Amino acid sequence: SQQGEEDPQALSIQEGENATMNCSYKTSINNLQWYRQNSGRGLVHLILIRSNEREKHSGRLRVTLDTSKKSSSLLITASRAADTASYFCATDRVQAGTALIFGKGTTLSVSS
Amino acid sequence: SQTIHQWPATLVQPVGSPLSLECTVEGTSNPNLYWYRQAAGRGLQLLFYSVGIGQISSEVPQNLSASRPQDRQFILSSKKLLLSDSGFYLCAWQGMRTSSPLHFGNGTRLTVT
Numbered sequence: 776s777q778q779g780e781e782d783p784q785a786l787s788i789q790e791g792e793n794a795t796m797n798c799s800y801k802t803s804i805n806n807l808q809w810y811r812q813n814s815g816r817g818l819v820h821l822i823l824i825r826s827n828e829r830e831k832h833s834g835r836l837r838v839t840l841d842t843s844k845k846s847s848s849l850l851i852t853a854s855r856a857a858d859t860a861s862y863f864c865a866t867d868r869v870q871a872g873t874a875l876i877f878g879k880g881t882t883l884s885v886s887s
Numbered sequence: 047s048q049t050i051h052q053w054p055a056t057l058v059q060p061v062g063s064p065l066s067l068e069c070t071v072e073g074t075s076n077p078n079l080y081w082y083r084q085a086a087g088r089g090l091q092l093l094f095y096s097v098g099i100g101q102i103s104s105e106v107p108q109n110l111s112a113s114r115p116q117d118r119q120f121i122l123s124s125k126k127l128l129l130s131d132s133g134f135y136l137c138a139w140q141g142m143r144t145s146s147p148l149h150f151g152n153g154t155r156l157t158v159t
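Chain order of the listed sequences is A and B. Just so we're on the same page, our numbering is the position in the first sequence counted from 1, plus 775. Just so we're on the same page, our numbering is the position in the second sequence counted from 1, plus 46.
Some clues are possibly wrong.
[Stated by the list, open to error] One-sided excerpt, in silico: chain B residues whose CB lies under 8 Å from chain A:
| no. | residue |
| --- | --- |
| 1 | Gly98 |
| 2 | Gly100 |
| 3 | Gly153 |
[Said to hold, decoys possible] Here are the simulated DSSO-like pairs of lysine-lysine, each with C-alpha atoms no more than 30 Å apart in a straight line:
| no. | chain 1 | residue 1 | chain 2 | residue 2 |
| --- | --- | --- | --- | --- |
| 4 | A | Lys831 | A | Lys844 |
| 5 | B | Lys126 | A | Lys879 |
| 6 | A | Lys844 | A | Lys801 |
| 7 | A | Lys844 | A | Lys879 |
| 8 | A | Lys879 | B | Lys125 |
| 9 | A | Lys845 | A | Lys801 |
[Stated by the list, open to error] Stretch-level coverage of chain A by chain B, calculated; a stretch enters the list once three of its residues show a Cβ under 8 Å from a Cβ in chain B:
| no. | region |
| --- | --- |
| 10 | 803 to 810 |
| 11 | 819 to 829 |
Simulated from the structure, these hints should not be mistaken for laboratory data. All values derive from a computational prediction rather than experimental measurement. Here a beta-carbon is modelled for each residue, glycine too, at the ideal position from N, C-alpha and C.
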């Protein structure tokens, strides 16, 4: 079952620009996490935001969470070519324990 | 430090053959363990997760099964592979807190021919 849905599916920007990706989910959550995946590799955890938090920062990453709209956004500022990857949001369902459900991801391409 | 090992990295198997993918974790105890599958250009589909030895939860009914014979070992199996089983299989471990991040292996690329 799909819990999170990211949009856009693909995003192409120039180095130095900001990249914004959105995630919507369906059921109540404990927390929401964002992950990054380089082509052909496993996912790497970027940042976690709890359901009682509205915004969180980590380096060039800024995540917001709106539980009333069941949505989150990931902002990458001053993008670099090395940020080229797929980005996924993942949520845990309150009723289903710890299992994380991932969205389909946003593929970000940053050109120099 | 904790590490996760997943093998093999690539695998080509004929339809109807059996499958066994293994994942082991080092440097942690009582991890939650996960198997996900990723079709080409798609998101991750949760297949199985385990919160302890012998405890397996299945998310999608299919011809795959999982076992956890030891605390830090998670095995994905099939008796007879289907073409639709092709994909990128990812194992991950998580600490016991619900807010813990997942740590992924490098994945196994399975092609069923």
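Cross-check of the supplied hints:
The beta carbon of Gly98 (chain B) comes no nearer than 12 Å to any beta carbon in chain A, farther than 8 Å, and the hint placing it at the interface is violated. Against a cut-off of 8 Å between C-beta atoms, the interface hint on Gly100 (chain B) is violated, since the closest Cβ of chain A lies about 17 Å away. Evaluation of the Gly153 (chain B) hint against chain A yields a held restraint, the C-beta minimum of about 5 Å falling below 8 Å. Taking the CA atoms of Lys831 (chain A) and Lys844 (chain A), the gap is near 17 Å; set against the 30 Å cutoff, the hint holds.
With a C-alpha separation of about 28 Å, the suggested pair Lys126 (chain B) and Lys879 (chain A) falls inside the 30 Å cut-off, and the hint holds. Distance restraint check for Lys844 (chain A) and Lys801 (chain A): the Cα-Cα separation of roughly 9 Å lies within the 30 Å cut-off, and the hinted pair is therefore satisfied. For the hint pairing Lys844 (chain A) with Lys879 (chain A), the CA-to-CA distance comes to about 19 Å; that is within 30 Å, so the pair holds. Only pairs whose Cα atoms come within 30 Å are accepted, and Lys879 (chain A) paired with Lys125 (chain B) is accepted, the gap being roughly 29 Å.
Between Lys845 (chain A) and Lys801 (chain A), the direct Cα distance comes to roughly 7 Å. Compliance with the 30 Å bound is thereby established for this hinted pair. Here's how the region 803 to 810 of chain A fares: 4 of its residues keep a CB closer than 8 Å to some CB of chain B, so the rule of at least three is met and the hint holds. With a threshold of 8 Å between beta carbons, the proposed coverage of the region 819 to 829 of chain A by chain B holds, since 4 of its residues qualify and at least three are required.
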